[in-house]
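*Asks:* As a plain string of letters, each chain reads:
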Amino acid sequence: MDKEKKEEAFYKRLAEKGVTRRDFMKFCTFLTATMGLSASHVSGVAEVFAAPAKRPPVIWLHFAECTGCSEAFLRTMYPWVDELVLEVLSVEYHETIMAAAGHQAEENLQSALKKYDGEFICVCEGAISTKQDGVYGKIGGHTFLEVAKEVCPRAKAVIAIGQCACYGGVQAAAPNPGGYKGVGEALEMKTINIPGCPPNPINIVGTIVNYLLLGKMPSLDTAGRPLFAYGKTVHDQCPRRSHFEMGEFAPSIGSKEAEMGWCLYKLGCRGPMTYNNCPTAKFNDGTSWPVEAGHPCIGCSEPAFWDYMSPFYQPM
Amino acid sequence: MSKRITIDPMTRLEGHLRIEVEVSDGKVVNAWSSGQMFRGIEIILQGRDPRDAHHFVQRSCGVCTYVHSLSSVRAVEDAAGIDIPENAKLVRRLLHGAQFMHDHIVHFYHLHALDWVDVVSALKADPKKTAKLANNVSKAPWGGTAYYKSVQDRLKTFVDSGQLGILKNAYWGHSAYKLPPEANLIASAHYIEALRLQAKTARLHAIFGGKNPHPQSLVVGGVSSVKDLSPDRIAEFQYIWKESQDFVRNVYIPDILAVASFYKDWGGIGGTSNFLAWGDFAQNGKEPDSYLMPRGFIKDRDLENPRQVDTEKVAEHVKRSWYEGSTARHPYEGETKPTPGDYEPDDGKYSWIKAPRYDTESSEVGPLSRVLVAYANGQPQVKKAVEDVLKQLDVPASALFSTLGRTAARGIETLVIGEAMDGWINDLVANVKKGDKKVCQEFEMPDEAMGYGLNDVPRGALGHWIQIKNKKVDRYQYVVPPTWNFGPRCAEGKLGPVEESLIGTPIADPKKPLEVLRTVHSFDPCIACAVHMIDPDSNEVYQVRAT
Numbered sequence: 025m026d027k028e029k030k031e032e033a034f035y036k037r038l039a040e041k042g043v044t045r046r047d048f049m050k051f052c053t054f055l056t057a058t059m060g061l062s063a064s065h066v067s068g069v070a071e072v073f074a075a076p077a078k079r080p081p082v083i084w085l086h087f088a089e090c091t092g093c094s095e096a097f098l099r100t101m102y103p104w105v106d107e108l109v110l111e112v113l114s115v116e117y118h119e120t121i122m123a124a125a126g127h128q129a130e131e132n133l134q135s136a137l138k139k140y141d142g143e144f145i146c147v148c149e150g151a152i153s154t155k156q157d158g159v160y161g162k163i164g165g166h167t168f169l170e171v172a173k174e175v176c177p178r179a180k181a182v183i184a185i186g187q188c189a190c191y192g193g194v195q196a197a198a199p200n201p202g203g204y205k206g207v208g209e210a211l212e213m214k215t216i217n218i219p220g221c222p223p224n225p226i227n228i229v230g231t232i233v234n235y236l237l238l239g240k241m242p243s244l245d246t247a248g249r250p251l252f253a254y255g256k257t258v259h260d261q262c263p264r265r266s267h268f269e270m271g272e273f274a275p276s277i278g279s280k281e282a283e284m285g286w287c288l289y290k291l292g293c294r295g296p297m298t299y300n301n302c303p304t305a306k307f308n309d310g311t312s313w314p315v316e317a318g319h320p321c322i323g324c325s326e327p328a329f330w331d332y333m334s335p336f337y338q339p340m
Numbered sequence: 086m087s088k089r090i091t092i093d094p095m096t097r098l099e100g101h102l103r104i105e106v107e108v109s110d111g112k113v114v115n116a117w118s119s120g121q122m123f124r125g126i127e128i129i130l131q132g133r134d135p136r137d138a139h140h141f142v143q144r145s146c147g148v149c150t151y152v153h154s155l156s157s158v159r160a161v162e163d164a165a166g167i168d169i170p171e172n173a174k175l176v177r178r179l180l181h182g183a184q185f186m187h188d189h190i191v192h193f194y195h196l197h198a199l200d201w202v203d204v205v206s207a208l209k210a211d212p213k214k215t216a217k218l219a220n221n222v223s224k225a226p227w228g229g230t231a232y233y234k235s236v237q238d239r240l241k242t243f244v245d246s247g248q249l250g251i252l253k254n255a256y257w258g259h260s261a262y263k264l265p266p267e268a269n270l271i272a273s274a275h276y277i278e279a280l281r282l283q284a285k286t287a288r289l290h291a292i293f294g295g296k297n298p299h300p301q302s303l304v305v306g307g308v309s310s311v312k313d314l315s316p317d318r319i320a321e322f323q324y325i326w327k328e329s330q331d332f333v334r335n336v337y338i339p340d341i342l343a344v345a346s347f348y349k350d351w352g353g354i355g356g357t358s359n360f361l362a363w364g365d366f367a368q369n370g371k372e373p374d375s376y377l378m379p380r381g382f383i384k385d386r387d388l389e390n391p392r393q394v395d396t397e398k399v400a401e402h403v404k405r406s407w408y409e410g411s412t413a414r415h416p417y418e419g420e421t422k423p424t425p426g427d428y429e430p431d432d433g434k435y436s437w438i439k440a441p442r443y444d445t446e447s448s449e450v451g452p453l454s455r456v457l458v459a460y461a462n463g464q465p466q467v468k469k470a471v472e473d474v475l476k477q478l479d480v481p482a483s484a485l486f487s488t489l490g491r492t493a494a495r496g497i498e499t500l501v502i503g504e505a506m507d508g509w510i511n512d513l514v515a516n517v518k519k520g521d522k523k524v525c526q527e528f529e530m531p532d533e534a535m536g537y538g539l540n541d542v543p544r545g546a547l548g549h550w551i552q553i554k555n556k557k558v559d560r561y562q563y564v565v566p567p568t569w570n571f572g573p574r575c576a577e578g579k580l581g582p583v584e585e586s587l588i589g590t591p592i593a594d595p596k597k598p599l600e601v602l603r604t605v606h607s608f609d610p611c612i613a614c615a616v617h618m619i620d621p622d623s624n625e626v627y628q629v630r631a632t
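As given, the protein sequences belong to chains L and U, one line each in that order.
For the first sequence, the numbering used here gives the first residue as 25, with consecutive numbering after it.
For the second sequence, the numbering used here gives the first residue as 86, with consecutive numbering after it.
None of these hints come from the bench; they were simulated from the model.
Idealized CB from N, CA, C, for every residue including glycine.
Each hint should be verified, as a subset may be incorrect.
[Said to hold, decoys possible] Keeping only pairs whose Cα atoms sit at most 27 Å apart, straight-line, the calculated DSS-like set for lysine-lysine is:
hint, chain 1, residue 1, chain 2, residue 2
1, U, Lys-312, L, Lys-36
2, U, Lys-522, L, Lys-306
3, L, Lys-280, U, Lys-519
4, U, Lys-468, U, Lys-371
5, U, Lys-518, L, Lys-280
6, U, Lys-241, L, Lys-139
7, L, Lys-78, L, Lys-138
8, L, Lys-306, U, Lys-519
9, U, Lys-174, U, Lys-556
10, U, Lys-241, L, Lys-138
11, U, Lys-349, U, Lys-112
12, U, Lys-112, L, Lys-29
13, U, Lys-327, U, Lys-209
14, L, Lys-256, U, Lys-312
15, U, Lys-349, L, Lys-290
16, U, Lys-209, L, Lys-78
17, U, Lys-327, L, Lys-306
18, L, Lys-280, U, Lys-522
19, U, Lys-217, L, Lys-36
20, L, Lys-139, U, Lys-214
21, L, Lys-29, U, Lys-241
22, U, Lys-174, L, Lys-290
23, L, Lys-36, U, Lys-209
24, U, Lys-523, L, Lys-306
25, L, Lys-36, U, Lys-241
[As the list claims (entries may be wrong)] Label pairs and their computed distance ranges (CB to CB):
hint, chain 1, residue 1, chain 2, residue 2, range
26, L, Lys-50, U, Lys-476, 46 to 52 Å
27, L, Met-49, U, Lys-476, 47 to 53 Å
28, L, Met-213, U, Lys-263, 44 to 50 Å
29, L, Glu-131, U, Asp-317, 48 to 54 Å
Using the sequences and the hints given, assemble the complete structure.
*Replies:* Shown next, in the form of structure tokens:
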């Protein structure tokens with residue numbers, strides 16, 4: 025199918041779902057803005073979803089994790105995940121959603137590595153055990169460490185999704201019984217980090233679209249995080265911020281003051297130390313985010329937050 | 086001659102699982118289930134603030150998100166003697182119901198369906214006939230020849246692109262696939278519809294929990310989302326609940342029945358013998374008396390004599406797991422000395438998962454156990470739903486003890502729990518109308534205390550136990566559904582439930598063990614949380630006394 029026809033079919037499908045071209049462009053504008061690109065890129069973003077020439081190959085690896093990041097990815101709306109998987113990307117390997125299993129699954133990984141050597145995007149979810157040669161986590165008889173060492177260096181780019189793949193995550197919290205590390209640290213290589221527990225799918229999709237659109241990965245901070253999503257603190261963007269300035273602090277969780285939108289700082293909120301776009305992007309199609317739900321931020325996109333930010337209910 | 090087949094990685098599940106079966110004369114004669122990862126979260130919790138524990142344990146699983154957080158705050162509340170406010174009980178119950186709804190829909194359509202549905206065969210379907218068939222079997226709000234044609238075109242474009250992605254190299258064309266092309270096309274279309282619906286259903290968690298996965302509104306003492314107890318927020322919840330429950334009634338249940346009607350032989354494959362349920366959903370707050378899904382134990386498939394549950398009858402074996410020792414112990418008095426070693430399924434150790442037994446028997450947990458316990462106890466909603474399904478499929482009650490029964494039970498309880506949620510929404514409205522906005526109970530953390538929280542969660546019976554010393558976590562232990570289902574052999578050599586269920590499974594092609602996938606997936610494997618309790622270096626001994 026040529027490009028124009030594909031585009032037409034794409035909009036037709038959207039229309040059948042009750043999504044107008046206008047809604048779709050609104051999403052593209054939102055995504056473009058989230059990525060911090062100028063408005064001139066909006067049509068380019070739309071094109072990425074509507075008519076890719078060849079779907080870019082993705083190999084998605086699971087190590088020590090809870091699959092919450094994959095689940096977060098499944099929650100993406102406009103574009104829906106079926107569009108990402110069927111029309112935008114070519115997901116060659118993803119243990120949670122792939123139809124094949126066992127030998128056939130392993131074959132898929134090997135054939136994708138061969139076919140797309142140096143071309144594929146590698147998405148990593150989960151931490152890698154490094155203690156005793158990584159004996160505590162295996163796939164198909166190989167340790168996570170062996171699998172990562174085989175796959176990651178051959179990727180065009182490695183995107184670490186979630187706190188575990190970025191910085192080790194919950195299993196790396198003290199005393200880190202399994203010697204778990206983030207992918208970049210375990211392999212001593214540079215990764216693009218999309219932390220969060222789980223990260224907002226808009227940031228996962230935004231990073232991938234950024235790559236498809238501009239042919240390069242977005243600019244990163246010193247912790248490897250894209251600046252478009254992790255450039256400001258939660259505190260600076262928080263709707264409760266004005267109460268902070270006024271010295272209006274909720275005295276307890278669920279209190280009348282918390283209901284009125286007062287600041288959660290004295291209940292342990294880690295917003296001032298945490299870089300993420302939760303207050304503006306929000307989760308699940310803009311439904312809410314933890315501070316809106318009256319719970320202090322626990323700082324889940326900061327390196328080693330499980331140790332660094334806890335105990336969570338004690339003020340900083 | 087017998088032949089060993091290994092499936093590793095098992096896919097379409099959470100965690101890292103290895104399944105090995107021995108096949109002789111076209112049938113499975115032996116089976117081994119092995120957990121392939123450990124993380125050590127219980128060790129990590131030691132010395133931390135008990136109020137923080139639920140954040141850590143929630144990260145045991147992002148598929149069955151929320152549930153560990155729930156059992157954890159309940160364990161601390163039990164230890165500290167906290168009675169949480171009515172609003173908190175209702176919000177928690179609604180979040181729990183939403184988790185069942187979301188989790189079971191995703192399991193059926195995205196983790197399990199491809200074991201029964203041949204997507205490639207759907208390309209051969211006649212869209213017109215498909216539309217007609219769909220009208221007969223489902224009350225889906227979409228349909229028609231044009232709709233099915235567009236879905237088929239979309240799949241065709243995908244396949245013709247030569248980039249098969251997630252559909253590549255599966256068992257398409259396998260002789261065990263029985264659906265006609267038209268039914269395969271309907272199911273493929275519903276796979277996509279359900280993929281979209283689940284993103285909406287997950288918003289139920291975001292409304293009162295801030296986000297999903299890993300909602301963040303539970304706290305020891307109640308919930309935090311006081312601002313969301315507003316008329317517009319509750320209405321938003323009710324709206325999404327209705328859309329989701331309509332899908333369950335009009336699409337999910339009819340799809341199970343339609344698919345099952347082609348696979349009735351699976352009503353005699355994949356069964357186990359004993360069934361355990363802690364029960365859940367206290368309708369009037371009284372536990373366990375008012376549980377919508379009751380507590381109980383069924384031995385040897387005896388539905389006439391459902392038994393009471395005694396938690397003292399739980400014992401965990403380690404003889405065939407990578408831990409020292411061979412004595413079966415009550416989990417709270419047990420010791421854990423890890424001995425990482427080789428995979429030796431024949432006579433040695435072969436899994437990171439321990440082998441829990443109830444009253445010395447291996448016991449299945451999960452939807453089938455809950456539905457059987459409810460059915461045997463005459464729970465009216467479950468009894469009616471079960472009888473409707475048996476009647477429609479024209480199969481006897483004995484067909485429940487099977488892979489098919491397990492998959493049907495998951496749908497049945499989604500329907501029953503989903504219907505009950507409507508009442509809980511109304512209860513929440515009534516309570517807020519009275520002017521009650523209290524969501525959280527203040528408390529003092531005790532210096533020393535112990536407590537536990539039991540729940541029945543989408544994959545089965547879950548319990549968290551905590552000991553507090555100097556206001557900190559001294560000991561923490563959780564016994565989770567996949568430990569029950571996917572555990573290995575015990576000291577007496579009795580097989581774990583999944584191992585038992587695989588014996589006798591017909592295998593048409595040992596190179597493509599599709600039939601094994603069916604039964605394993607019917608348990609909804611979720612393995613990361615099953616292995617979480619050891620320290621490989623210090624070989625520390627854990628002892629938690631029974632309460």
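*Asks:* For the pair supplied as a hint, U/Lys-349 and U/Lys-112, confirm whether the alpha-carbon distance does not exceed 27 Å.
*Replies:* Answer holds: U/Lys-349 to U/Lys-112 is near 18 Å, not above 27 Å.
*Asks:* For the pair supplied as a hint, U/Lys-209 and L/Lys-78, confirm whether the alpha-carbon distance does not exceed 27 Å.
*Replies:* holds, 25 Å
*Asks:* So if I understand the rule, the pair passes when the alpha-carbon distance is 27 Å or less; does L/Lys-280 with U/Lys-519 pass?
*Replies:* holds, 16 Å
*Asks:* Taking only the CA atoms, is the gap from L/Lys-36 to U/Lys-241 under or equal to 27 Å?
*Replies:* holds, 16 Å
*Asks:* Determine whether the Cβ-Cβ distance between L/Met-49 and U/Lys-476 falls within the hinted range of 47 to 53 Å.
*Replies:* holds, 51 Å
*Asks:* Please work out if U/Lys-327 and L/Lys-306 have their alpha carbons no farther apart than 27 Å.
*Replies:* holds, 23 Å
*Asks:* Please check whether L/Met-213 and U/Lys-263 have a Cβ separation lying inside 44 to 50 Å.
*Replies:* holds, 48 Å
*Asks:* Against the 27 Å threshold, does the CA-CA distance of U/Lys-468 and U/Lys-371 hold or violate the hint?
*Replies:* Cα-Cα ~22 Å, so holds.
*Asks:* Are the Cα positions of U/Lys-174 and L/Lys-290 separated by 27 Å at most?
*Replies:* holds, 26 Å
*Asks:* Next pair to validate is L/Lys-139 with U/Lys-214; report whether the Cα-Cα distance is within 27 Å.
*Replies:* violated, 39 Å
*Asks:* Check whether the Cα positions of U/Lys-241 and L/Lys-138 lie no farther apart than 27 Å.
*Replies:* holds, 25 Å
*Asks:* Would the pair L/Lys-280 and U/Lys-522 pass a check requiring their Cα atoms to be no farther apart than 27 Å?
*Replies:* holds, 9 Å
The structure shown violates the earlier hints numbered 1, 8, 12, 13, 15, 20.
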